[in-house]
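Asks: Go ahead and model the full structure; you've got the sequences and the hints to work with.
Residue numbers (my numbering), protein chains in the order written: chain S, 1 to 347; chain C, 1 to 347; chain P, 1 to 347; chain R, 1 to 347.
Keep in mind that the hints are not guaranteed to be accurate.
Each pair may be met inside one copy or between any two copies, as identical chains are not told apart.
Below, a list of computed lysine to any residue pairs in the SDA-like style, where the Cα atoms sit at most 20 Å apart [unchecked claim]:
1) K6 / V65
2) K69 / Y247
3) K150 / D11
4) K32 / T83
Please keep in mind that the hints were generated in silico from the structure rather than gathered at the bench. Nothing here was measured: the structure is a model prediction, and the numbers come from that model.
There are 4 protein chains.
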Amino acid sequence: MIVVMKAGSQDKEIDVVMDRLHALGLQGHLSKGVERTVIGVVGVTSAMPDLRERLELVPGVSEVVPISKPFKLSSREFEPEKTVIDIGGVRIGGQELVVIAGPCAAETRDQVMSTARTVKAAGASILRGGAFKPSTSPYSFRGLGEEGLKLLAEAKQENGMPLITEVLTPQDVDLVVKYADILQVGARNMQNFILLDEVGQARKPVMLKRGLSATIQEWLLAAEYILAQGNRQLILCERGIRTYETYTRNTMDISAIPVVHKETHLPIIADPSHATGKWDLVMPMALASVAAGADGLMIEVHPTPDTALKDGAQSLTFDHFGELMKRVAPVAQAVGRTMAGSKQKKA
Amino acid sequence: MIVVMKAGSQDKEIDVVMDRLHALGLQGHLSKGVERTVIGVVGVTSAMPDLRERLELVPGVSEVVPISKPFKLSSREFEPEKTVIDIGGVRIGGQELVVIAGPCAAETRDQVMSTARTVKAAGASILRGGAFKPSTSPYSFRGLGEEGLKLLAEAKQENGMPLITEVLTPQDVDLVVKYADILQVGARNMQNFILLDEVGQARKPVMLKRGLSATIQEWLLAAEYILAQGNRQLILCERGIRTYETYTRNTMDISAIPVVHKETHLPIIADPSHATGKWDLVMPMALASVAAGADGLMIEVHPTPDTALKDGAQSLTFDHFGELMKRVAPVAQAVGRTMAGSKQKKA
Amino acid sequence: MIVVMKAGSQDKEIDVVMDRLHALGLQGHLSKGVERTVIGVVGVTSAMPDLRERLELVPGVSEVVPISKPFKLSSREFEPEKTVIDIGGVRIGGQELVVIAGPCAAETRDQVMSTARTVKAAGASILRGGAFKPSTSPYSFRGLGEEGLKLLAEAKQENGMPLITEVLTPQDVDLVVKYADILQVGARNMQNFILLDEVGQARKPVMLKRGLSATIQEWLLAAEYILAQGNRQLILCERGIRTYETYTRNTMDISAIPVVHKETHLPIIADPSHATGKWDLVMPMALASVAAGADGLMIEVHPTPDTALKDGAQSLTFDHFGELMKRVAPVAQAVGRTMAGSKQKKA
Amino acid sequence: MIVVMKAGSQDKEIDVVMDRLHALGLQGHLSKGVERTVIGVVGVTSAMPDLRERLELVPGVSEVVPISKPFKLSSREFEPEKTVIDIGGVRIGGQELVVIAGPCAAETRDQVMSTARTVKAAGASILRGGAFKPSTSPYSFRGLGEEGLKLLAEAKQENGMPLITEVLTPQDVDLVVKYADILQVGARNMQNFILLDEVGQARKPVMLKRGLSATIQEWLLAAEYILAQGNRQLILCERGIRTYETYTRNTMDISAIPVVHKETHLPIIADPSHATGKWDLVMPMALASVAAGADGLMIEVHPTPDTALKDGAQSLTFDHFGELMKRVAPVAQAVGRTMAGSKQKKA
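Replies: Spelled out as structure tokens, the structure:
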């Protein structure tokens, strides 16, 4: 951390800064320039996150510049090697591209079972489906609850696919852990810190979606909550951010994929269904995500999207999902990946 | 709701739409133009929130246009008269301007007590202070918990001021209700729907902050969650939104104040401390909020901002808060309001 | 400027940086910490704007941190005293609040003359009106051109009001200078640098609107273009920025008003008509702007907004403008200002 | 266009709307529902772009809903077949992927010549380079002007590559036309309507970059300006939009690529250099753009990025560009494209 004093700052103002640093067990290295004095601070740890703004209030201080990143446990510096998470034999973060697919929400037994069979046959490795749904309006469908979890668990069993499903609130973590193989924390809950603490203590892998208007740094700090509780089985998921553009539901920030690979050791999944909100944009954005280095895709599929209780507009039909899988494979290969599902099928 | 068919849509496509509407108990009124057919839909209720996107997936449909607003209970159409909420004699939403002030977070007994006395003496009517703090980094101060609530309750008692404090998670609602007069739902929790349900069932007034990147409509739909549970003592709070500008922490959307008055009957408070993140912008933005019609202000105050454990950069000193109160009064008067605190003092 | 080396940077990498600095006539002050080496750079001028990103590409460099602001001539450090611009006796930037009003675009002689008379009578000091209009669609009304300038000049003459009008392109500067007292550079042209050069060479005051998605810093750098050409009669205008919110046309960044006052010596006008795009939000946002410290307001007025060729939705009727002037006056007074128009009327 | 009346609107209010429509030569079809009356309007053309907001001001009108798109000449409805533009044998918009590469700005003869030779050898088809540079600060390098054009023309000649270069202002169009094969309109000029008119009259292909905060619709309306002047040789270019995220310079909206293909017949190029502002993100975003269906890439290359006068941080070295070309080819093939450059080399 560097403390930049104002032009013409007084010696006694500098002394106040040095005293503050000393009181916190930090060392300050003075460097008096022609115009300004600069103090290099040694010993700052991540346990002093508000130090910057407090020092900026000291009279005579112009600016305080942090020089280390605020996230630690997710960083490449902490763990240079990429994390691979094994979920019942499906490895996320390795050389294989993993496809997660299924309905937005579990609605009926038929819908869940037929969708699971179809996506499995087409090459998906992990089943997705919601039982607890966040919904902008209180008058919308909010999911079937535990009944939905049971339907999803049955489909998981029948098809030998691990299940990912969302947990909305700390009280439900124990319940969801019973049925799910991966706990999903949704975009609206990315800064629900109590929930992050709770899933950080669960002994199940977690997928953390990026918040609607979260910076990459805030997202990695949210990840830090989970990692700091001891749960290192963490997967990130880019699902679009809020911008001024209204043509798509969100703007998918594909660049977040290489940035996450550069800054962290965590695997990252792309969710083009939520990112675009339009089924006919899911295919090109899935291909783009894979080309940019995503470790996997999460795709919403529904037998009859126009009667779906939730997010029909962004769900693929069975046919469209089959076509997507066919077109994803060569792009995955072009960037040096194999399809997780296809290898499984051979086995 | 209006269904616009594509140019050249087929009769049988129109029939499918009409059948769908019929199955849902709705009436469709056909209007065939030269280029396009348009179907006016009668009977839509707020219990069909996803109808629009489902109809848009029917072949031949170009667009579905909603013509009613998705929020009901907060709307002026539902309740033309403005809601006034009485909290121990302090009335929010009436002719008086209410000032809520106090520390960002309770840190020590001294800090809480001295701040409460000071803001009371300067004319504030309601005490604010946090015991459970959301924090971007897991390594930051997260509040004193129930110990903090006790300190705040003591200050409330001593100064005869109602207390507002944040509740972070559904499990804590019962605890916070014991100490607080108003439950605050923070920006990051605006779409924590389980928490909204829970405070909607509490018998205490609630203040709902606008989410970091929430549209006004999404904010009013979040309000609808609380209202729909039967809690009509609801106050809104504008606290800045996320934009590309980095000079301020957020961009305060002052226009949300008159929009809320136009669209809803709910009172609205302005929080210039969080909206700007800089103490020297708090004063002008407080004055602007009052001029634009805010029913009150919420201001962070700290005896020594440069040693605050949280949000020091945006906290006013005691002196600056005193000056703010002096300068707010004439602006309030200029827009036809009196200061709630000053009347109390006279009494 | 401070160059932060990576942890573990080599001595020869440091040497490369020092050599680069030396070649540019700059001095580098080394400060070796336990973890990192930091180099303080002395002698950087605003003529080296890309120095930062070039140094960041040198191997071993982690980050380069600028410590001075990139704008100079507009800054309070360059000119501590606030600039007051006198336009035919109307002083912008002083103690008086100046109201600029008139039609969005000149359409007919009647419309221009009746509007000018009305706004003058209600207390406006400066006439606004467009002859060259930027328009999102090529099929929209684009202004009357020189014919419009003549109508506006006639209204200016008759009412003794200085005229502000927009200039769209460098070739038109000479023409517009003949008729206008203030040249307006619109939001879409804020980074039309050739136009900025050109109005910087004109001997007329200029009003520079903030770009649709310009940061405050970019806005001040655009101002720097005009100031650097020698034209110091510069007024800034906040007119709303683009955000994700769609209820209003733009989001008015009222906080830009105190920020401009803090960082620069330039006067600032608020344009609530363009900022909101809705006539019924113009009044509260005008009051808020004045309370926040704006030096003036710019308001669109039209005899019959529902037949206006441009921006009718945000234009006030004559009656509404009269009411606005009545309600602005007490707020101006509450923040220590008098109305420019009212003083003139007395004279 | 559909006019939705307010609940409880009066017959005489409806008459006013019908009269207005009649006066404009439009037909109104009344449809009285239980709650509301809706008027379908027939005959609206793109020459009435402000009709919507004017009708919305008529008393009794609740909302006016447009049902056709405001852009015509770029739309798939106007021209179902995709436009292919032939530039000296290089075809943009066809089955081949076209790579445009070169320096951000022409600086020296050596730099231009060596870069052109290198990118040609690596498989680029078109040379890019700026002689007139827009720059946020007036103190930055603004290009070599005509001298730069001459250097670029020499490199074009020597390597048999068409040249694309930016034109900043209407006066320069004639000059730039003499040297360039494609005129580039930059992001900051996307709504410089006078410049759009001017390049619309030039007999040279134009590449129109998306504005920093332009919606896709505004971009297509800017394209409409050029098309409406009779110039149908138009190429669009996605180069990132402004969002709240600061890690990258802009956020690249990859979804704009399939949206442009769906809505228009125009070719689209992706510019990952400006979109990210960081050279190490250029490769993954280039791959993503190709996978999403871009007709080409535009890439900045510099012999020594750390001494570049402009945009060094986002420029590739010769080696990195060579590697990019090698890795783009298999992704292009995976989505059914061949590399334009490689075919040329065979010839």
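Asks: Hint by hint, where does the structure go against what was stated? Just the numbers, ascending.
Replies: 3, 4
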